[in-house]
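Asks: Produce the entire structure from the sequences given, and follow the hints as far as they go.
What follows is the residue order along each chain.
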Amino acid sequence: MTRLEEIRNQIRQTVADVKETNPMAGSITNSVTINLVANTQIAVGGSAAMVYLPDEGQFLVKAGGATYINMGTMLPIYEETLPLAVKTLKIEDKPWVLDPVAIGIGKLRTAMLKFFKEYVPDIIKGNASEIIALAGLWQLEGGTGESKVRGVDSTNHVDEAKAAAVSIARWTDGAVIVSGEIDLVTDGEFVATCRGGSHFLGKITGGGCALGGAASIYLTSSTPFIAALTAVSAFNLAGERAEEQTDAPASFQMAFLDELYKATPEDIADYHFEMEEF
Amino acid sequence: MTRLEEIRNQIRQTVADVKETNPMAGSITNSVTINLVANTQIAVGGSAAMVYLPDEGQFLVKAGGATYINMGTMLPIYEETLPLAVKTLKIEDKPWVLDPVAIGIGKLRTAMLKFFKEYVPDIIKGNASEIIALAGLWQLEGGTGESKVRGVDSTNHVDEAKAAAVSIARWTDGAVIVSGEIDLVTDGEFVATCRGGSHFLGKITGGGCALGGAASIYLTSSTPFIAALTAVSAFNLAGERAEEQTDAPASFQMAFLDELYKATPEDIADYHFEMEEF
Amino acid sequence: MTRLEEIRNQIRQTVADVKETNPMAGSITNSVTINLVANTQIAVGGSAAMVYLPDEGQFLVKAGGATYINMGTMLPIYEETLPLAVKTLKIEDKPWVLDPVAIGIGKLRTAMLKFFKEYVPDIIKGNASEIIALAGLWQLEGGTGESKVRGVDSTNHVDEAKAAAVSIARWTDGAVIVSGEIDLVTDGEFVATCRGGSHFLGKITGGGCALGGAASIYLTSSTPFIAALTAVSAFNLAGERAEEQTDAPASFQMAFLDELYKATPEDIADYHFEMEEF
Numbered sequence: 001m002t003r004l005e006e007i008r009n010q011i012r013q014t015v016a017d018v019k020e021t022n023p024m025a026g027s028i029t030n031s032v033t034i035n036l037v038a039n040t041q042i043a044v045g046g047s048a049a050m051v052y053l054p055d056e057g058q059f060l061v062k063a064g065g066a067t068y069i070n071m072g073t074m075l076p077i078y079e080e081t082l083p084l085a086v087k088t089l090k091i092e093d094k095p096w097v098l099d100p101v102a103i104g105i106g107k108l109r110t111a112m113l114k115f116f117k118e119y120v121p122d123i124i125k126g127n128a129s130e131i132i133a134l135a136g137l138w139q140l141e142g143g144t145g146e147s148k149v150r151g152v153d154s155t156n157h158v159d160e161a162k163a164a165a166v167s168i169a170r171w172t173d174g175a176v177i178v179s180g181e182i183d184l185v186t187d188g189e190f191v192a193t194c195r196g197g198s199h200f201l202g203k204i205t206g207g208g209c210a211l212g213g214a215a216s217i218y219l220t221s222s223t224p225f226i227a228a229l230t231a232v233s234a235f236n237l238a239g240e241r242a243e244e245q246t247d248a249p250a251s252f253q254m255a256f257l258d259e260l261y262k263a264t265p266e267d268i269a270d271y272h273f274e275m276e277e278f
Numbered sequence: 001m002t003r004l005e006e007i008r009n010q011i012r013q014t015v016a017d018v019k020e021t022n023p024m025a026g027s028i029t030n031s032v033t034i035n036l037v038a039n040t041q042i043a044v045g046g047s048a049a050m051v052y053l054p055d056e057g058q059f060l061v062k063a064g065g066a067t068y069i070n071m072g073t074m075l076p077i078y079e080e081t082l083p084l085a086v087k088t089l090k091i092e093d094k095p096w097v098l099d100p101v102a103i104g105i106g107k108l109r110t111a112m113l114k115f116f117k118e119y120v121p122d123i124i125k126g127n128a129s130e131i132i133a134l135a136g137l138w139q140l141e142g143g144t145g146e147s148k149v150r151g152v153d154s155t156n157h158v159d160e161a162k163a164a165a166v167s168i169a170r171w172t173d174g175a176v177i178v179s180g181e182i183d184l185v186t187d188g189e190f191v192a193t194c195r196g197g198s199h200f201l202g203k204i205t206g207g208g209c210a211l212g213g214a215a216s217i218y219l220t221s222s223t224p225f226i227a228a229l230t231a232v233s234a235f236n237l238a239g240e241r242a243e244e245q246t247d248a249p250a251s252f253q254m255a256f257l258d259e260l261y262k263a264t265p266e267d268i269a270d271y272h273f274e275m276e277e278f
Numbered sequence: 001m002t003r004l005e006e007i008r009n010q011i012r013q014t015v016a017d018v019k020e021t022n023p024m025a026g027s028i029t030n031s032v033t034i035n036l037v038a039n040t041q042i043a044v045g046g047s048a049a050m051v052y053l054p055d056e057g058q059f060l061v062k063a064g065g066a067t068y069i070n071m072g073t074m075l076p077i078y079e080e081t082l083p084l085a086v087k088t089l090k091i092e093d094k095p096w097v098l099d100p101v102a103i104g105i106g107k108l109r110t111a112m113l114k115f116f117k118e119y120v121p122d123i124i125k126g127n128a129s130e131i132i133a134l135a136g137l138w139q140l141e142g143g144t145g146e147s148k149v150r151g152v153d154s155t156n157h158v159d160e161a162k163a164a165a166v167s168i169a170r171w172t173d174g175a176v177i178v179s180g181e182i183d184l185v186t187d188g189e190f191v192a193t194c195r196g197g198s199h200f201l202g203k204i205t206g207g208g209c210a211l212g213g214a215a216s217i218y219l220t221s222s223t224p225f226i227a228a229l230t231a232v233s234a235f236n237l238a239g240e241r242a243e244e245q246t247d248a249p250a251s252f253q254m255a256f257l258d259e260l261y262k263a264t265p266e267d268i269a270d271y272h273f274e275m276e277e278f
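Residue numbers (UniProt numbering), protein chains in the order written: chain A, 1 to 278; chain B, 1 to 278; chain C, 1 to 278.
A few of these clues could be false.
For chains that are exact copies, the list does not tell them apart, and a pair is met inside one copy or across any two.
Okay, derived cross-link-like pairs now, SDA-like style, lysine to any residue, Cα gap no bigger than 25 Å in a straight line [claimed, not checked]:
#: 1; residue 1: Lys117; residue 2: Thr144
#: 2; residue 1: Lys107; residue 2: Thr88
#: 3; residue 1: Lys107; residue 2: Arg195
#: 4; residue 1: Lys203; residue 2: Glu244
#: 5; residue 1: Lys87; residue 2: Asp270
#: 6; residue 1: Lys107; residue 2: Leu4
#: 7; residue 1: Lys203; residue 2: Ala63
#: 8; residue 1: Lys87; residue 2: Trp171
#: 9; residue 1: Lys19; residue 2: His199
#: 10; residue 1: Lys87; residue 2: Leu75
#: 11; residue 1: Lys262; residue 2: Leu137
#: 12; residue 1: Lys94; residue 2: Thr2
Keep in mind the hints are simulated off the structure, nothing from the lab.
Replies: Written out as structure tokens, the structure is:
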């Protein structure tokens with residue numbers, strides 16, 4: 001079996017496991033897209049629960065198979081909730097996904113993101129600008145101190161973030177997803193390039209958050225790299241199929257969630273991507 | 001007129017009243033499903049308003065015909081908001097619906113849910129695990145100290161919660177809804193068993209919250225038992241009709257809300273359920 | 001070129017500019033409709049970002065071309081966030097849209113809305129009751145001390161708010177939108193009356209918030225009066241087209257967002273309205 005066949009088998013197995021076992025991943029996530037994240041996690045076969053308070057976050061970390069932390073809309077209590085959550089993740093040796101949305105905006109977000117470096121997220125998902133900014137904040141190669149994040153949007157192209165993504169993945173010994181027109185997934189050694197999806201994923205809010213949420217569900221059943229690649233492949237497949245049915249973003253979002261739900265383990269495992277060694 | 005005919009008349013009257021008078025029920029509810037709750041309350045003919053702050057909650061309690069309190073995503077300020085709301089409900093003698101989502105998670109949620117026992121909610125809606133856990137927390141028959149709540153999902157079957165639901169309804173002199181594949185509604189004397197609906201209600205987030213929100217609207221115009229049974233019947237009817245149109249959860253959610261809006265008082269009153277004395 | 005032709009040219013230009021430049025407007029807005037606001041802002045061609053914390057609000061004010069402040073669900077931290085945001089708006093000389101949702105409910109909301117008088121919002125959007133109440137709170141003509149706001153709904157007709165809208169617009173030297181079955185837009189001198197749209201906009205939550213959010217995007221590229229009129233015309237056009245496709249509110253909302261996305265600069269500029277001098 002080639003490396004690529006092995007990966008496809010693992011993707012198929014991950015999707016099938018999730019659909020069969022309905023694993024729970026708790027989230028501390030932003031209120032703009034919280035509903036879409038939950039519905040996405042359920043659509044791929046998982047179970048969702050979201051909280052804000054410190055001891056509730058701690059409870060979910062322990063109860064879930066993985067945790068999703070998204071920095072979108074920070075609340076004052078997060079100063080306590082987030083450190084307790086990541087410390088508990090480390091104590092419990094449970095995997096987690098970090099979505100450094102809007103990195104560079106505000107003192108608390110910056111402090112938390114710095115703090116997270118030692119608590120090594122298993123998967124980090126961001127757009128190109130976010131990944132470059134995180135590598136910068138963590139003083140890793142490929143990063144830059146000057147964030148080019150504009151609100152929640154990227155002003156960099158995915159390829160510009162490849163070095164940053166690889167160096168972050170090497171630091172965390174996990175996986176990094178750079179989402180964009182083309183998506184990159186890397187474990188620090190290999191870089192998978194994933195085409196497909198739909199431009200409409202950029203015309204709705206929360207496509208990226210939903211991807212992080214789905215990755216956290218898959219992470220309950222597989223390694224960071226496979227979970228990340230599974231989530232990206234599922235999204236590209238569902239996005240492509242949804243775009244065939246619609247010509248506008250709201251009906252696209254509905255069709256996208258429907259297709260995510262309907263995609264079989266085989267569909268997702270067979271979706272095209274390219275691998276290269278870095 | 002038989003007892004059953006009487007109930008059907010009351011359901012028809014409740015739905016018609018709400019459609020005609022557009023009653024407002026204020027909510028303190030979770031941010032994951034807050035939009036769906038509001039749209040559901042509007043779809044059945046009511047008006048929605050949601051707040052977080054203590055004096056704003058107090059205002060809505062006074063202004064609304066009923067209040068919906070859902071424990072999904074607790075915020076620090078709820079330590080003040082929730083007690084003031086339920087005290088005001090008692091002073092004003094206004095009815096309310098409690099949705100003890102995620103009972104067992106966190107100190108504040110537990111403290112508030114204990115506190116609510118003396119402020120007797122008129123309708124309590126939960127899945128089987130939540131109802132059993134609430135009876136346990138309130139030291140009523142049928143409950144257990146060990147919560148089997150997993151995040152927001154139930155790990156118990158509806159029938160296992162029947163004794164707990166009845167004992168809670170007797171304590172509150174109100175109604176209890178146990179939602180699940182089959183729904184139970186009890187006033188502590190009679191138990192209505194409601195089949196129908198759709199499995200897709202379990203494949204979207206917020207089906208339960210929306211049911212509680214709808215019940216609070218109907219509660220502005222009728223007794224707890226009738227309001228609860230009306231909401232459950234409306235949901236089962238709309239779920240059944242929506243499922244005929246779709247094969248996936250996102251399009252189901254849209255069709256479900258549409259069918260909820262289109263259901264006539266007669267449609268809802270004629271929906272099948274079975275009654276037994278406990 | 002007549003005044004009306006000039007206005008239509010400016011509307012066309014505004015819509016085209018926004019579609020071409022993808023301007024960002026940051027928001028501090030309520031959690032009930034936050035997702036719809038973001039998707040609306042993206043659908044018309046803009047970019048959305050939402051925050052709660054003081055320094056994050058300040059950042060977004062500086063980074064965005066305009067800001068949207070909606071008073072729907074107040075959080076305790078808003079006591080710091082909102083004053084800092086509007087002070088920064090003044091220092092940076094950036095335009096903003098105020099949506100005084102639920103004016104009259106709660107001490108903090110009232111204190112903030114009073115405070116905003118000196119920070120003159122460029123566009124104020126409300127239903128008739130909200131606009132009358134705001135004029136009352138600001139002690140301007142046409143207002144009344146007694147709010148007839150019921151939760152988030154209006155109990156006044158649009159025409160009753162005309163005097164209040166005009167006096168507010170004169171105070172701010174900006175524009176006021178009174179939304180309802182018929183919408184009014186005034187700059188204090190002229191009043192545009194806009195018919196069309198759909199009754200379904202009143203059967204979903206957030207139609208008004210979405211209008212304010214869209215207005216903030218258009219405000220990045222034009223004067224308050226043109227931005228307001230552009231947003232109202234776009235909504236009436238999209239509402240009318242969406243209603244032709246549906247018979248219920250959830251499918252309406254989807255079709256509405258789709259039509260908003262598809263509406264061309266010409267479509268929106270050509271939409272009918274009437275102008276009168278006040």
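Asks: Take the hints in turn and mark each one as holding or not.
Replies: Structure-based check of each hint:
1. Lys117 x Thr144: Within one copy, since 16 Å is at most 25 Å while 42 Å is not.
2. Lys107 x Thr88: Intra 23 Å, inter 17 Å, cutoff 25 Å: intra and inter.
3. Lys107 x Arg195: neither (35 Å within a copy, 46 Å between copies)
4. Lys203 x Glu244: Both, since 16 Å and 24 Å are each at most 25 Å.
5. Lys87 x Asp270: neither (37 Å within a copy, 54 Å between copies)
6. Lys107 x Leu4: neither (43 Å within a copy, 48 Å between copies)
7. Lys203 x Ala63: Intra 34 Å, inter 20 Å, cutoff 25 Å: inter-copy only.
8. Lys87 x Trp171: Within one copy, since 18 Å is at most 25 Å while 42 Å is not.
9. Lys19 x His199: Close across copies (15 Å), not inside one copy (27 Å); limit 25 Å.
10. Lys87 x Leu75: both (19 Å within a copy, 21 Å between copies)
11. Lys262 x Leu137: neither (39 Å within a copy, 40 Å between copies)
12. Lys94 x Thr2: neither (30 Å within a copy, 58 Å between copies)
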